[in-house]
Amino acid sequence: MSRQLWTGDEAVAWGAIQAGCSLSAAYPGTPASEIQEAIGRSGSGVPIYWCINEKVAYETALGASYANQRALVSMKHVGLNVAMDPFVNSVFTGVNGGLVLAVGDDPSMYSSQNEQDSRLLAAFAKTFCLEPSDPQEAFTMTQTAFEISERLRLPVLLRLVTRVCYGEGSVATDSTRRPVNETLLRHDRRRWVVVPSHAKLLHKELNARQRELEAISEDLPFNEIHLLSKERGIIASGVAYAHVREHWNGADSLLKIGSYPLPRSLLKRFLEHCQEIIVVEEGEPLVERALARLDPKVHGKLDGTLPREWEMTPDLVAQALSLPYSHRPAEVGLPPRYPGFCVGCGYNRAFAALKRLAPPVVTGDIGCYSLAAFPPLEVIDTIVCMGASIGMALGLAYSGIKPVAVLGDSTFFHSGLPPMVDAVHNRADLLVLILDNEITAMTGGQPTPAWDNDGKAPVTLERVLGGLGVPFQVVNPYHPEAELDEVFRQAYAQPGPMALISRSPCLTEGKRRKAA
Amino acid sequence: MNKVDVVIAGVGGQGNLLVAGLIAKAALSQGLEAKRSEIKGLAQRGGSVQSLVRIGETVWSPLIEQGSADILLGLEPVEALRYIQYLAPIGKAIASSNFATNPVSFSQEEILIKARKHGFFLLPATELAKQAGSVQSANIVLLGAASHFFPFPAEVFRQVIEENVKRFLEENLKAFELGRQAIAIQQ
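In order, the protein sequence lines correspond to chains A and B.
Just so we're aligned, residue 1 is where the first sequence starts under this note's numbering, counting upward by one.
Just so we're aligned, residue 1 is where the second sequence starts under this note's numbering, counting upward by one.
Chain B with its partners taken away, still in its complex shape (with noise of 0.2 Å):
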């Protein structure tokens, strides 16, 4: 079984629906098939987005069934935690542990608490991509985090960013690395 369904669940401007078409594109290389759909709305104007890849050797629905998903990919842990409800029990759930700002006054321990209640992997995936050169380049550090659950070896990967990120390409492989790194180390 090669099917992986993912939902990304982010913040207006966090690159989230490029990682969704990364994946799918990686699959698309490997001879699987991929559907992705996605939320946006007012997201232009800093609202919540998520997005849902699904790849396998036959994807029927474009939608994703609460309590099957298996990778769930947080470009912000409040964010992350909003869709729950999705991952299946024995999904991975991997987020940044930076915040995305918000107006409405919160407590960020709070949330980083549930977050590790639910098995979350946390990186500081924004620090990450400072290190790597690029502070917009986060979600590609979530990338390389989640890499390691894929069917496909990293390298397929790096081969999609390669052909599809324009700018700041040595960064965005780096931060890649960062992320996949940093699972390594908490595995």
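So here's chain A without its partners, still in its complex pose (with noise of 0.2 Å):
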């Protein structure tokens, strides 16, 4: 055991290399930027990868996760709302390695545009949170965050304050490092293809799980309870309870917060024993409002007189209300009518060449090849949101696998090309599949930067590829397997990152369109 001054900073980053992790990712941004900057001087040989953006930040960390890996992801409040897409769909999805987000919040906005608190958007995602009221708990809550991670399977959200990132404070350690997980691949679509059917469910699960994340909330050391004074208790969480902590009489009760979903029993002890509660919380007033919730004459979502997902609708406003409701029963067995591809689509025979192809891991994008997810093609093995085909597939190739990413000519405008430039700054081994129907198909055929209707200028996969130096091939998809086949064998095997773009305009907006 020893004592280092580290800032909480650098105490996240040792809590990470400790906790095993294998990739850290970040973009930078102040108070946060530190953690990955302290990674890579830390000699500890975990590979950083400073990215185009935090949404690519985190795409990366959820590829290297999905490979088993721990990894580590860190930026500012304000780079959370870029990778919210990705942070909150991998609630639904899960995680395989552990996956700590380190968020660094700005009270009072010494280099920030605004304050905001990223408890709420923890409790939003409905994910776990630790904050830490000092280094020596960023350090400790790191570890923590890695192994509640990979016990949930669920992301954890570190809430980290300037006054932590750039706090110094002894921390004390020990040498022993955790080892790196095995790299496997776990295909599981169910999970990680979160197209609406799956989701539902998902979300069932996720709402359902709450509780087991309560129950772990409850068991941390980081909540402390002392029950004295009946007259005053005051609640504290984080750097918040350090300023308490300056001027507590010893008298007064007192409940130290670290953890979220807030420890409810711990809670509610502390609100039938005192007359009076002063809350203390940096940023929002999110414990104080849960204290309200406490109150067993509000009756809601919270105590399930209504369900927490899907939309609400008369029937459980009537149930909720106690009023007569009865209906004939559903019909059981009926058949499935499951959506397809359109006859004739190119998508079908891309996909098919792909399938043959067989490579260890697809990840897919959103769009009408989606499809690709089920039978009877079931190829594409994640979906997460716009963009994380490449997103993810740098983390995974990061990881020493090598993947497809599959996304459509309208989704790589509108998120791929972000990660498609880090593939190209890493050096990154994997190929991108764009699916080119020339057209925005999904959404009823909107048009694509690459039109040159009414004077546009066209801004084509040829233009941005080169531009970007991806080296690329252009395929019919309607061309005889054997060739197509060779084709992509050849794109597969070449160094990546490499892109194929099999081009296939849609034939049912095309239809759509002469008819108009």
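Simulated from the structure, these hints should not be mistaken for lab results.
These numbers come from a predicted model, not from an experiment.
Here a beta-carbon is modelled for each residue, glycine too, at the ideal position from N, C-alpha and C.
There's no promise every hint is true.
[As the list claims (entries may be wrong)] Result set (PhoX-like, lysine-lysine): computed pairs, CA atoms no more than 25 Å apart in a straight line:
(1) B:K166 x A:K511
(2) B:K25 x B:K35
(3) A:K355 x A:K402
(4) B:K92 x B:K114
(5) A:K511 x B:K130
(6) B:K92 x B:K117
[Unchecked claim] What follows is a set of in silico ranges between Cβ atoms, one per label pair, in the way DEER data are often shown:
(7) B:E110 x A:P376: 42 to 52 Å
(8) A:L184 x B:P89: 48 to 58 Å
(9) A:L120 x B:T58: 30 to 40 Å
(10) A:R427 x B:S61: 54 to 64 Å
(11) A:H425 x B:E110: 34 to 44 Å
(12) A:L227 x B:T58: 47 to 57 Å
(13) B:R116 x A:E481: 44 to 54 Å
(14) A:L120 x B:S61: 24 to 34 Å
Mind assembling these two chains? They're in different frames, but the hints should get you there.
Laid out in structure tokens, this is it:
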């Protein structure tokens, strides 16, 4: 056991290194940039990636986690706004290797455009959050965060604030370093493809698991209760707890909060014990609002009077108000009606070729082609959010697995470009398959930047890929199978990044536009 | 009470949304309120489509409670049965007996037996539409069949069809009549 003087950022970095983290991804932002800086300087050998933005950083970490690796992703609070899409969806999919998201909030905006409380975003995403009050806790909590993440198979948010990130304090450490996880692929489309039919069940499951999160929170040593004077009690969390301890007279009751979801039974006991309670927290009145909710007179979603997932309906209101409600039972055993590729769609042929190529993992994206995660193709393994096909492929490539990322032309322009830049910059060994139907088809045939209608300048895939320096090849998916297979095989065999454009104009939308 | 709650069930491309719109417009032309909502998702790719239309003096919610729909209109028999729990005990279920293609194999006869058990009025809407001169008009055939159960005369529907259907107007008006007669004959 030794003691070091570390900033909170350094403590998070070393916490991650000792926890067996095998990849760190970040986009710089005060006060969180120094976390990845510290890992880079550590001599630990943990690879760091400065990604093109926070969304790509998150997806990179998620890709590594998919390969069972422990990954750390760090950013400032407003960076999480950029990464919200993969963050929130990854709470639905869950993670494989531990994934810790360290966010540096900046109360008083020392170096930021706003102040926002990331605890609310953890609550919004319904995942676990830890809030250290000093560097010692930052070190311990980072390791705990990885353990909880793997136990729950959920990403864990570590909420830091400027005074913790940049404040120095003594940290007791021992030199034991947990070995990194074995790299392995466990495909599970029911979890990793968040199309509506899957996501509806995942949301129920996630809500059902909130008690489990609460139970873990109750047991953590980061929450401490001191039931003393009944007259007054103080509740404090994070760095605010440190401020409170400066003034605590030892007579007032005291409750320290360090984890979320809130340890409900501790709060209840405290609420019953004290006549007056003062809540001190950095940021939004999150704990304070929750206390108001513990009043048993209030019914709603928290006590199960109404369900917590899926839309509100008149049916649910009738039941909640105890009004008469009955209907004939739904017919069971009706033949299901699966959506499928339109007749003659070129995507079908491209996916059939990809299936014959059989790469170890195919990361997918948002569009008609999500159908390829379902029978009979079952070739896409993950769908998380717009652009995540290439973003997650980065993390997989960095973990030593060669992925194929599949996305459409419109999605590539929307958010495939940033991770493509990272792929080129890091010489990531991956193949990107762009399904180019020359339109935004799924949503009804809107244009793409490649169009040259109304005197607009066409931004073609060829120009963009050429400009980025990505070697690419255009293939017609209607060509004979053997020919197609050879093109796919060669493209995959070539060291990446490499792009294959499978070009087949959308037949359905083409017909529709001709008719109009 | 002029309230009519309608659940329309079908497959992408059957003109579900058009029928829902015509009902809502007919109601508005009679000084009634109307609310309409639909779920289409991957309908374009052959999935199932459900729309809800509610008309009446006052309509608050865009949704229909299970067990309370006055009319269940099935553009396709399997899809109609999929929403049977919405039908009120005294509600009317009207559906086409012509099936939409589905790669999943099942017994059509069993589906039709189930539908009859629930008291469905079944009519060969696609065949009647062909007879009217436009195979696409099966939806209008079914609207014609359902037109008996609205608190305004069929003339109101003919009017909104004339105002809103641009292509194959004559065929659609004929389809409406064939549907209307099909139910009258069964009754």
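Comparing the hints with the structure gives:
1. B:K166 x A:K511: Judged against 25 Å, a Cα distance of about 19 Å means the pair holds.
2. B:K25 x B:K35: Holds, because 10 Å separates the two Cα atoms, which is no more than 25 Å.
3. A:K355 x A:K402: Holds, at about 15 Å.
4. B:K92 x B:K114: The hint holds at about 15 Å.
5. A:K511 x B:K130: holds, 22 Å
6. B:K92 x B:K117: holds, 13 Å
7. B:E110 x A:P376: 42 to 52 Å: Roughly 25 Å apart at Cβ, these two residues miss the hinted range, so it is violated.
8. A:L184 x B:P89: 48 to 58 Å: This hint holds: roughly 56 Å between Cβ atoms.
9. A:L120 x B:T58: 30 to 40 Å: Given range 30 to 40 Å: holds, Cβ gap about 38 Å.
10. A:R427 x B:S61: 54 to 64 Å: Since R427 (chain A) and S61 (chain B) have Cβ atoms about 56 Å apart, the given range 54 to 64 Å holds.
11. A:H425 x B:E110: 34 to 44 Å: At 60 Å between Cβs, range violated.
12. A:L227 x B:T58: 47 to 57 Å: holds, 55 Å
13. B:R116 x A:E481: 44 to 54 Å: Once the Cβ atoms are compared, 47 Å apart, the range 44 to 54 Å for E481 (chain A) and R116 (chain B) holds.
14. A:L120 x B:S61: 24 to 34 Å: holds, 30 Å
The structure fails hints 7, 11 (numbered hints given earlier, in ascending order).
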